Amino acid sequence: QKEVEQDPGPLSVPEGAIVSLNCTYSNSAFQYFMWYRQYSRKGPELLMYTYSSGNKEDGRFTAQVDKSSKYISLFIRDSQPSDSATYLCAMIRPSGTYKYIFGTGTRLKVLA
Amino acid sequence: EPEVTQTPSHQVTQMGQEVILRCVPISNHLYFYWYRQILGQKVEFLVSFYNNEISEKSEIFDDQFSVERPDGSNFTLKIRSTKLEDSAMYFCASTGEVTDTQYFGPGTRLTVL
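Taken in order, these protein sequences are the chains called L and G.
Counting from 1, one number per residue, gives the positions in the first sequence under the working numbering.
Counting from 1001, one number per residue, gives the positions in the second sequence under the working numbering.
Don't take each hint at face value.
[To be verified] Output of the computed footprint for chain G on chain L, the stretches with three or more beta carbons under 8 Å from beta carbons of chain G:
| id | region |
| --- | --- |
| 1 | 40–50 |
| 2 | 98–112 |
[To be verified] Cut-off 25 Å, straight-line C-alpha distance, at most; resulting in silico cross-link-like pairs (BS3-like, lysine-lysine):
| id | chain 1 | residue 1 | chain 2 | residue 2 |
| --- | --- | --- | --- | --- |
| 3 | L | 109 | L | 67 |
| 4 | G | 1057 | G | 1042 |
| 5 | L | 2 | L | 70 |
| 6 | L | 109 | L | 42 |
| 7 | L | 56 | L | 67 |
| 8 | G | 1057 | G | 1083 |
| 9 | G | 1042 | G | 1083 |
| 10 | L | 42 | G | 1057 |
| 11 | L | 2 | G | 1042 |
| 12 | L | 42 | G | 1078 |
| 13 | G | 1042 | L | 109 |
| 14 | L | 56 | L | 109 |
| 15 | G | 1042 | L | 42 |
| 16 | L | 2 | G | 1057 |
| 17 | G | 1083 | L | 42 |
| 18 | G | 1042 | L | 70 |
| 19 | G | 1042 | L | 67 |
No lab work stands behind these hints, which were simulated from the structure alone.
Predicted model, so just to flag it, every value in this text is computed and none were measured.
For each residue, glycine too, the CB sits at the ideal point set by N, CA and C.
Input sequences plus hints: build the corresponding full structure.
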């Protein structure tokens, strides 16, 4: 079983839709959870960083962590064509130097 | 806003040649990382570096790879004898505290012919 599972998509939605992106993980030792956005041939750009279970909101973005289910989500409200990108979840296993374990990324396309 | 920079943006090399990928981390950061992303695949950890030595490396980071911080600002990844399968995007990242967010550079696209 992979440590982090993420549906690669692609996911196509109309402009203005609410987008839900998800990752599941198998290792209960993961403590820190991140969502990155990656445009084509660019580096990952941090969107959200959470530690505990619950919700964290930043503008149109809401990150949700459910440690009991080993499930994290990113919600995008009022999606825009500029949100079209690949969304990567990443987690830290607290050992060594806290390297990131990434999901495969979900490719999102928001249609104008 | 401070950012991680990487050069070159694209490197083309012949199989068997040595390449050096360069990164300038954010200036007050202490932990440095290299990741690799083969086209269409996930971002994979290669190596972490702290206090002038490798802290952790993955099974990908074999003897043909090395890292160095030759001065106070640069952080380099050397691939001694490139293989076709080394073709990928290579991302450098840095962070101030080990549990803090890692900031990624824009990447170097390496093409091995």
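Verification of the hints:
| no. | hint | in the structure |
| --- | --- | --- |
| 1 | 40–50 | holds (count 7) |
| 2 | 98–112 | holds (count 8) |
| 3 | L:109 with L:67 | violated (28 Å) |
| 4 | G:1057 with G:1042 | holds (17 Å) |
| 5 | L:2 with L:70 | holds (13 Å) |
| 6 | L:109 with L:42 | holds (17 Å) |
| 7 | L:56 with L:67 | holds (14 Å) |
| 8 | G:1057 with G:1083 | holds (19 Å) |
| 9 | G:1042 with G:1083 | holds (19 Å) |
| 10 | L:42 with G:1057 | holds (24 Å) |
| 11 | L:2 with G:1042 | holds (12 Å) |
| 12 | L:42 with G:1078 | holds (21 Å) |
| 13 | G:1042 with L:109 | holds (18 Å) |
| 14 | L:56 with L:109 | holds (24 Å) |
| 15 | G:1042 with L:42 | holds (13 Å) |
| 16 | L:2 with G:1057 | holds (19 Å) |
| 17 | G:1083 with L:42 | holds (23 Å) |
| 18 | G:1042 with L:70 | holds (20 Å) |
| 19 | G:1042 with L:67 | holds (23 Å) |
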